[in-house]
Each structure stands twice: as C-alpha cells, then as structure tokens.
Amino acid sequence: MHHVIIGNGIAGVQAAEAIRHLDPESEISMIAAETFPPYCRPMISLLLEGAVTPDRLPIRPGDFYESRSIRAFPGVRVTAIDSGRARLSLDTGETLAYDRLLIATGADPRAIRAEGKTLAGIFSMRTVSDVQKMLDMLSSCRSALVLGGGLVGFKAAYSLLKRGMAVTMLIASGYPLSMQLDPVSGGIIRDTLVRHGLHVETGVEVTAFEGSGRVQRAILNDGRTLACDLVVVGKGVRPATGFLAGSGIDVDLGIRVDEHLQTTISGVFAAGDVAELTDVVRKRPWINAIWPEAAAQGWIAGLNMAGRSASYQGSLGRNVIRMFDLDIMTAGIVQPQEAAGTTQVLTHLDGNGPIYRRFVLQEDRLVGFTLINRIEKGGMLVSLIQRGLPLDPEEKRLLLL
Amino acid sequence: MKQVVVHPEKCVGCMQCTVACAVAHSSSRTLYAALLEEPLPRSRIHIGSTRFGRGFPNRCRHCDPAPCMRACLPGAIYRVSEYGTVLVDPDKCINCASCAMACPFGVIRYHEDAWAQPGKTVAVKCDNCLSRQLRGLIPACVEACKSGALGFEEMDRAQRRKTDAVSDTVWSTSGVVLPAAGSIGFELLHAQKKAMVEMAQTSRA
Chain A
66 MHHVIIGNGI AGVQAAEAIR HLDPESEISM IAAETFPPYC RPMISLLLEG AVTPDRLPIR
126 PGDFYESRSI RAFPGVRVTA IDSGRARLSL DTGETLAYDR LLIATGADPR AIRAEGKTLA
186 GIFSMRTVSD VQKMLDMLSS CRSALVLGGG LVGFKAAYSL LKRGMAVTML IASGYPLSMQ
246 LDPVSGGIIR DTLVRHGLHV ETGVEVTAFE GSGRVQRAIL NDGRTLACDL VVVGKGVRPA
306 TGFLAGSGID VDLGIRVDEH LQTTISGVFA AGDVAELTDV VRKRPWINAI WPEAAAQGWI
366 AGLNMAGRSA SYQGSLGRNV IRMFDLDIMT AGIVQPQEAA GTTQVLTHLD GNGPIYRRFV
426 LQEDRLVGFT LINRIEKGGM LVSLIQRGLP LDPEEKRLLL L
Chain B
-2 MKQVVVHPEK CVGCMQCTVA CAVAHSSSRT LYAALLEEPL PRSRIHIGST RFGRGFPNRC
58 RHCDPAPCMR ACLPGAIYRV SEYGTVLVDP DKCINCASCA MACPFGVIRY HEDAWAQPGK
118 TVAVKCDNCL SRQLRGLIPA CVEACKSGAL GFEEMDRAQR RKTDAVSDTV WSTSGVVLPA
178 AGSIGFELLH AQKKAMVEMA QTSRA
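Line by line, the protein sequences give chains A and B. Everything in the first sequence is counted per the numbering used here, starting at 66 for the first residue and increasing by one. Everything in the second sequence is counted per the numbering used here, starting at -2 for the first residue and increasing by one.
These are calculated hints, taken from the structure and not from any lab test. C-beta atoms are modelled at their ideal positions from N, C-alpha and C, and glycine is treated no differently. A hint or two may mislead.
As the list claims (entries may be wrong) - Taking lysine-lysine pairs in the DSS-like style, the calculated list, with each CA pair at most 30 Å apart, reads: (1) B:89 / A:227; (2) B:117 / A:461; (3) B:7 / A:198.
As the list claims (entries may be wrong) - From chain B, some residues computed to sit far from chain A (all C-beta separations above 10 Å): (4) 6; (5) 27; (6) 30; (7) 70; (8) 75; (9) 91; (10) 95; (11) 99; (12) 105; (13) 153; (14) 158; (15) 161; (16) 162; (17) 197.
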C-alpha cells in the first residue's frame, strides 16, 4: 500500500503519523511545496515580532522523515491528479502512483486588485519565507501598511507595532477581526491598538502602489496618498485547489469530504484548510481554517487511510489572541445573522478590567462566545458547544460569572 | 500507576489543598518563606464553586490523549508516560493560550512561576507533584486534604470502590441488608469469578 500525502503542514504531518501508528510497513510519500521541515504556521507572526527565533518553529525533530520511513519530496508541487489511474503529475516532470491519497495543501493568500502590487516590499504573511523576507527588509523600513483587519492583518500589525514601526491598518469594517468579534469587543481591541500607536483607516481601499522598484506609497480610492515602505496583505485565504481541475474531485468552497474525510473519489482524502466540512454550529458546509482543526482532521484522515474507520463530528471555528494587556478568545457563531426567536445573546461587561463575556445560544444550546480577559475556562465553553448540551436558566447565569 | 482521585462530594471547600500545592511549587517549599517569594507561588489545583455553592476541587486530569498537548503550538506540552503525567516545558511555552481553548476542564493558568524564567508568563498546571513522588511523597494536595475529597491510588481500584459504593447505596435505599464488603458472601463471589476467568484463560491457551 502506497500512501501519498500532498502538503507537510500540520494536517499532513498528523496524517503521516496516524498511518505509521497503525501500519509500520506501508509506504508513505510526502510532497511539500516548501523546503523547510514541518513547522508551526501560526508561530510565524512571533518570528516577525521577535518573540521567537527560527529554530523554534519546527514541530517535529529534524529526522522526522527518516525516522518514520517517509519518502519526502521537498520543494515539489503537484500539477495534476489523474484519479482514474491513481497517478499524480509533479512539476519535476515525474509521475507518482498512489493507493491512498491525502490532499492537505492548505490555503493560499487571497490576491488583491491594485496596480503595482508586484513591487518589492509587498508581502502576504503565510509562510516562514514570507516573514524571513520581511525581516531582511525591516531595518530599512519606517512605516508599514496592513491591508485587512482579519487575523493575519491583525497579527502583522501587532508584530510591526512591537518592532516600533508606524503602522496603518486599512479595514472595511470599523474594527479589526470583524468576522470573529461583535462591535463591543471589536471596539475594545481597536481602542487598545490605537492607544499603542496603530493608525486605523476604515472604508477605504488601495487602488495602486507606487515606487521605483520598491513600494514607497499607496494610493487610496479617495484620492489620498499614504507613505509606506512595507505592505502586508491580509485579505484572507483561499483553499489551494488550483491543481485539481480535471481530477474529478468535487470542489465547492473547498474540497468536499464526508465524515471520514474522504472526497467524492474513493481512496482520495482531504484535510485541513483545503477541506470543506460541516460546521458544528452552523450545520452547513464550511471551512474553519485553523490549526487545531487541521491537526485533528489530519489525524482522522490518516486513521481512515490506514483502514481504521474513524469519523469526524464537524468543525468549529475558534481562536485565541493575546495582545498588550488583552486576552481574547472566540468560538463558533459570534454574530447571529437571523434574529430567530430561539436565538439568545447574553452579555456581561465590566469596563474596568476590562472583562467582557458574550454568549450566543440557539434553542438553549451554546453556539458561540467571545471572552475578553479571564479566558482560562474557555476550553470548557468550547466543549459545551461541541457537545451541544441544552442549558437551563441557572447554567446560563453561571456562564456570565 | 497511582493517580490523584477526586471525590467532589466530600469537599468542604477549606482550600487547604491550594495552600499545600502553592507551597509545594514554591522555591523554598516552606509556607513562611513561600509567602515572601517573588513571584508569589500559586496553586495548580483550583476550588470551583458548583451551582449549589459547594466546593469542587478542579485539577488537571492528565487526559490521554490530552487535548492541550495536541493544541500546543510550540510543542511545549508533553507526557511523562511512566507516571501518566502531562507537563508543560516553561522554556518552550510561548504563552499563546491555545491550551486554554483546548482544555475541557479549564485547569491551565498563565502567570510567572518559580520554575520558569524570571519575568516570563507561562502556562502552569498540575504536574502530579512529580518531584515529590520522586522523593517518595504523595502529591501535596492529597496530603493536605483532611475530608477525603482527594485520594492517591490506583485508578482501577478507585473505580472498583466507586462501583461498590454505588451498589451499596442502591441496596441500602431498597431496604435490603447488604453483607459488608469482605464478608463470606463476597469472598465466595470473588472466588467463583476468579475461577471462571482462569478457566477461560486455560481453555484459550
């Protein structure tokens, strides 16, 4: 049996380990676009901030591939999958046959539409090499522009502020992390960042970048010009599915998989940021592109590939962020779209800490929360959401304490 | 392998376990000197309040598999298999709180600690008092607990005792007089069960 895993992120690594755990004999190949050994993607912002050194990023020992008898293909991309003949085409010109295939290619940064976006000094922040290139340039930079107030934009802005740069953030909504936070908590975070020197611009977009070889200024759609010598684009990510055209594998938001993480083609699996699963609270297909989900999905896909039937209960979006003196934790649905009669929102705000707790319940079941400070018991709340237990009035009261 | 077993129904909320835990994890390991230490040592066992206002000694269960370990970004959380203990390496911890989001029991805290670099905030949780166990002592919280809410015993024995306690309760409320554990009736049952198990084993061999 030959298992082929595309991608050496946490999903791919966990899958390889799960297969080896059950089956010491079968052949495993891992194809990775990066040449860096498996590392922790969420930690790259700490590298930018200067809180960790590059040697702290790898998530497995240097002999990961050899010690587990894995054939590694570093720096190689898959160009096409022929699922009928169970073969992959690689950009080296080779083809590779598989018995079981896992697609764990993750996601790519969403591109922006602006003139001059190929100038030097404009980065996305997705891989360790993105950050290393930023660090190489940092000593000659004074002002940075961050596009997007999502998690990547937020972490980039925070890290660059910590480095002492003048940072401007352009966001469509009035506060950063608007997908994860409600206006009250979003406002607390924006105000904290602004107090620490962040400049926020809302409701504007960049139409062009200018500079001679290297970015020097950005032109906004309201006609203004912003000086900047470093730009970080954090406009979200897109599942990396470009190479799947003609493979017969069904792609919707991401690669569609069943509860065993198997795609529409038998023997082909997908896990991590590239896979579309049912969201445990939204009850519909969704992509929760977060590290713990990728890790769990990779492990379960690996078990299934090795012949042990394991099923996945659905994914749940969640995040925890620490910045300056704030701890922020969110999970599930934060802003319920439909104000149905069964939706209940409970909030508690103590402005001094500040301590903020916000809970969204549907049919008496917790489906989402936001915590600012006092986050220690967040895991219990995540577990409450995942288990979908109905809460009585006294239990709801206890949530707010 | 012995584990700390919690009997929440016996907890009176006296907080003695928290004091003993903090002292056991101080640099000096004595109460009076610990009070003067910087950082002030903190407990790794937490007394929660249940809905009826009763105490609940909440501590790390050293789960297997451990959700905190899988969630840990820098790989700072690891297991010492021979003691069934999950530990945090304070030098590797980046204080990201991913473990707080993963722990379904809410037992991990973030603060400075005598065992971490001075001035560094790290994830801190119960370590099963491994350093005490290596010196032949039982965990400090168990030693301090006078109400019997915390025990240190083999898990399967604790489970068996719990089963007995449940059956005792069921029988006693139904008005049937139950022979005390260890009486002739129980010995007979055990002997019979043991013989059956042995027979099954020999027939397989």
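Hints versus structure:
no. : hint          : verdict
1   : B:89 / A:227  : 21 Å, holds
2   : B:117 / A:461 : 35 Å, violated
3   : B:7 / A:198   : 59 Å, violated
4   : 6             : 19 Å, holds
5   : 27            : 28 Å, holds
6   : 30            : 28 Å, holds
7   : 70            : 5 Å, violated
8   : 75            : 13 Å, holds
9   : 91            : 6 Å, violated
10  : 95            : 6 Å, violated
11  : 99            : 5 Å, violated
12  : 105           : 7 Å, violated
13  : 153           : 25 Å, holds
14  : 158           : 27 Å, holds
15  : 161           : 30 Å, holds
16  : 162           : 26 Å, holds
17  : 197           : 28 Å, holds
Hint check: violations occur at hints 2, 3, 7, 9, 10, 11 and 12; the rest are consistent with the structure.
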